[in-house]
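Enquirer: Assemble the complex: chain F is given as a structure, and chain L with the ligands must be docked to it using the hints.
One line per chain: the protein sequences are F and L, in this order. The opening position of the first sequence corresponds to residue 1 in UniProt numbering, with each subsequent residue numbered one higher. The opening position of the second sequence corresponds to residue 1 in UniProt numbering, with each subsequent residue numbered one higher.
A couple of the hints might just be wrong.
[Claimed, not checked] Here are the simulated DSSO-like pairs of lysine-lysine, each with C-alpha atoms no more than 30 Å apart in a straight line:
#: 1; chain 1: L; residue 1: Lys-314; chain 2: L; residue 2: Lys-231
#: 2; chain 1: L; residue 1: Lys-314; chain 2: F; residue 2: Lys-241
#: 3; chain 1: L; residue 1: Lys-231; chain 2: F; residue 2: Lys-255
#: 4; chain 1: L; residue 1: Lys-401; chain 2: F; residue 2: Lys-255
#: 5; chain 1: L; residue 1: Lys-292; chain 2: L; residue 2: Lys-176
#: 6; chain 1: F; residue 1: Lys-256; chain 2: L; residue 2: Lys-269
#: 7; chain 1: F; residue 1: Lys-277; chain 2: L; residue 2: Lys-233
#: 8; chain 1: L; residue 1: Lys-176; chain 2: F; residue 2: Lys-286
#: 9; chain 1: L; residue 1: Lys-230; chain 2: F; residue 2: Lys-286
#: 10; chain 1: F; residue 1: Lys-273; chain 2: F; residue 2: Lys-286
#: 11; chain 1: L; residue 1: Lys-231; chain 2: F; residue 2: Lys-276
#: 12; chain 1: F; residue 1: Lys-212; chain 2: L; residue 2: Lys-314
#: 13; chain 1: F; residue 1: Lys-277; chain 2: L; residue 2: Lys-314
[Stated by the list, open to error] To spell it out: a stretch of chain L is covered by chain F in this simulated footprint if at least three of its residues, at any positions, have a beta carbon under 8 Å from a beta carbon of chain F; those stretches are:
#: 14; segment: 289–298
#: 15; segment: 401–413
#: 16; segment: 417–424
These are calculated hints, taken from the structure and not from any lab test. Every residue, glycine too, gets a C-beta built ideally from N, C-alpha and C.
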Amino acid sequence: MASSVSSKLYSDDVSLVVVLLDVNPFFWAGVNANSGTNQPAAALSFSKFLSHVLPFVSSILLINPLNQVVVIAAGVKSCGYIYDSGGGSDGTSVSDLRAGFLRRLEEFVERDRQLCRDGERAAATTSSLLSGSLSLALCYIQRVFRSGILHPQPRILCLQGSPDGPDQYVAVMNAIFSAQRSVVPIDSCVVGIRHSAFLQQASHITGGIYLKPQQLDALFQYLSVVFAADLQSRSFLQLPKSAGVDFRASCFCHKKPIDRGYVCSVCLSIFCKTHKKCSTCGSDFKQASADSRSKSDSKRKTLEAS
Amino acid sequence: MSGNGVGGPGGRRDAGARGGDDEEEDEEEGLEGEGLAAWERAYADERSWESLQEDESGLLRPIDTKTFQHAQYRRRLLLRTAAAAGDSGSAAPRIQRGLIRYLYVVIDFSRAASETDYRPSRMAVVAKCVEGFVREFFDQNPLSHIGLVAIKDGIAHRLTELGGSPESQIRALMGKLECSGDPSLQNALDLVHGFLTQVPSYGHREILILYSALTTCDPGNIMETIENCKKAKIRCSVVGLSAEIYICKHLCAETGGSYTVALDEAHFKELLQEHAPPSPAIAEYAVANLIKMGFPQRGAETIIAICSCHKEPKVGGGYTCPQCFARVCELPTECNICGLTLVSSPHLARSYHHLFPVLPFNEASVAPLNSYQKSPRTCFGCQQDLLNYGSKSSLHVSCPKCNQYFCLDCDIYIHESLHNCPGCESRRESILS
Ligand SMILES: [Zn+2]
Ligand SMILES: [Zn+2]
Ligand SMILES: [Zn+2]
Ligand SMILES: [Zn+2]
Ligand SMILES: [Zn+2]
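Only chain F is shown next, with the shape it has when bound in the complex (with noise of 0.2 Å):
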């Protein structure tokens, strides 16, 4: 099997993009509520996403035949594969494409529906399970590298919605820096209200592209202009330019993205707010806020004297 793949002929141009589908059933039906109400119709159906999403990934599908789509299922309990147009048995024609697309979607969205508990409500700002999907994609990616020294250029494509969750922190920014290490950059398209914090650093720092489409019925024009494109191609496109990027970090006692805290000098664990005792790792803190205080403001009147 491994000889099969490795005597393709693969150029520089042929790509394999991992997509992200963000399918949190609380955030599309908090979509659908508001639209009914009077909240600015800038948000889409999960019906239209769909419709917008499926020819984008039959356009990468026809752009090259050597070109390979997984798509990669993001819940709020649980992460799977979808579809992977080198499986094989789905077969790679378009109209298949779709069927199977629908089928194995349907067949995860109830399992991911099962395994919530009766009793459990959740707003829309319940969060998807990014690292989840994240991390799968990594180790797809990784047995893509160990297939030969001949494969097709791999990158991540993050379709999400929901808002980031704020507890996934640490494990997000794992996935991010084993992204990095390996050389696959993480693009990320944000169709939700609100930036994406996590994936704003995701692409800063894997040299994705981000983007958050101002008009979202014309998504497909943005999915194919920016995204459909192989990485050696980009380099000759006018590609959407950074708009800034949020670096908050999460705090660990409350799970809270914060700007400024108070970091721990044994471990570097981020608190919101002094403590006496580290909660991470166990040190004291003795003397320690009396002591950083008086310093800086020792230097702030420093500077104000001269």
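Expert: For chain L with the ligands alone, kept in the frame of chain F given last:
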């Protein structure tokens, strides 16, 4: 199969070493090329006999690299986990580590470093390995500082000051590659002691000595110097290149460091890399402290702003202090206006995998007894077939927390690079935060 196997390991080694090959050849020609016969060089470089092993019937076979690599990796992982459990005691399972380190690397460039038992010379090997070490060190210790000191002609002199940039350190080292005279351990320790006593109290003070010689030529009583280092809580470690010597052993034992002697180049590199991850900190070695820090946002690429560090208008990039909204060009730094320590939060996050390590996976082989349960067909991570995978053993592993099955390649990748279990990250107990 066997033909494939013979080609396999050799080819892989070539591919891995390709980056360094050109430089290596240049160095060899420049320094040592004439002294070494071509046939000698080929055998020394390739060591083709090392990729063979003897099987039960005494036949020579190429090493089954996949199983071998996995066994090696598991040994490393289990050692690391055991060390962590031993240090923190049974009550606290997490590892306490000194993550803000101030390390001086002291390199012996005395006469002994010109010996050629390492190819092309000890000096060249040390320089090459230190380069890799410095990069690895900064990767693993984002807020730490490194400085370089060379010993030659009986004195020690500083090549670089403590700093946070790997490139400038490496440049300074490569510019000063020559060796002569006697080494002096005492002079080196005295010099570094003077520098390290000035670092902040929460930092961990460390010296790593790469020692080629078997002697030291000192101006006074080195025992006093060692005593001073011990008092200043400086952890001294030595990696020797020739043989074990008493004074180094004594130094390391007194200051709580480690002493190792390398057998050959590969071993030296391995011993050196062991010093890159933060050593389990001895609690009293540094005062724990809470440091107030800001995590600035990066500005849009099109914005024009005046930075507070150069007082010049600049287009794009730049970071905004979250406290006073001043603009700075680079991180990490201290805000010029309000004095807040500004760091990039991803920089900190690089070391969090030390705090929350992935548990070692359990080995599991496909047992027919297990077939009653829905036995896994594919690796949860990469979807690789677990049954047809590998040559003879369909060995695979499972995560003790989420019970998902993984192939051996994913096992290595998850523990050595990803630091997340994809299974554990793909499930959630409760959605209410
Ligand atoms: Zn908090
Ligand atoms: Zn701590
Ligand atoms: Zn400031
Ligand atoms: Zn796997
Ligand atoms: Zn797990």
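Enquirer: All the hints need checking, so say for each whether the structure fits it.
Expert: Each hint, compared with the structure:
no.: 1; hint: L:Lys-314 to L:Lys-231; verdict: violated (48 Å)
no.: 2; hint: L:Lys-314 to F:Lys-241; verdict: holds (16 Å)
no.: 3; hint: L:Lys-231 to F:Lys-255; verdict: violated (40 Å)
no.: 4; hint: L:Lys-401 to F:Lys-255; verdict: holds (22 Å)
no.: 5; hint: L:Lys-292 to L:Lys-176; verdict: violated (39 Å)
no.: 6; hint: F:Lys-256 to L:Lys-269; verdict: violated (42 Å)
no.: 7; hint: F:Lys-277 to L:Lys-233; verdict: holds (23 Å)
no.: 8; hint: L:Lys-176 to F:Lys-286; verdict: violated (44 Å)
no.: 9; hint: L:Lys-230 to F:Lys-286; verdict: holds (24 Å)
no.: 10; hint: F:Lys-273 to F:Lys-286; verdict: holds (15 Å)
no.: 11; hint: L:Lys-231 to F:Lys-276; verdict: holds (28 Å)
no.: 12; hint: F:Lys-212 to L:Lys-314; verdict: holds (25 Å)
no.: 13; hint: F:Lys-277 to L:Lys-314; verdict: violated (42 Å)
no.: 14; hint: 289–298; verdict: holds (count 10)
no.: 15; hint: 401–413; verdict: holds (count 3)
no.: 16; hint: 417–424; verdict: holds (count 6)
When the structure is compared with the earlier hints, violations turn up for hints 1, 3, 5, 6, 8, 13 and for no others.
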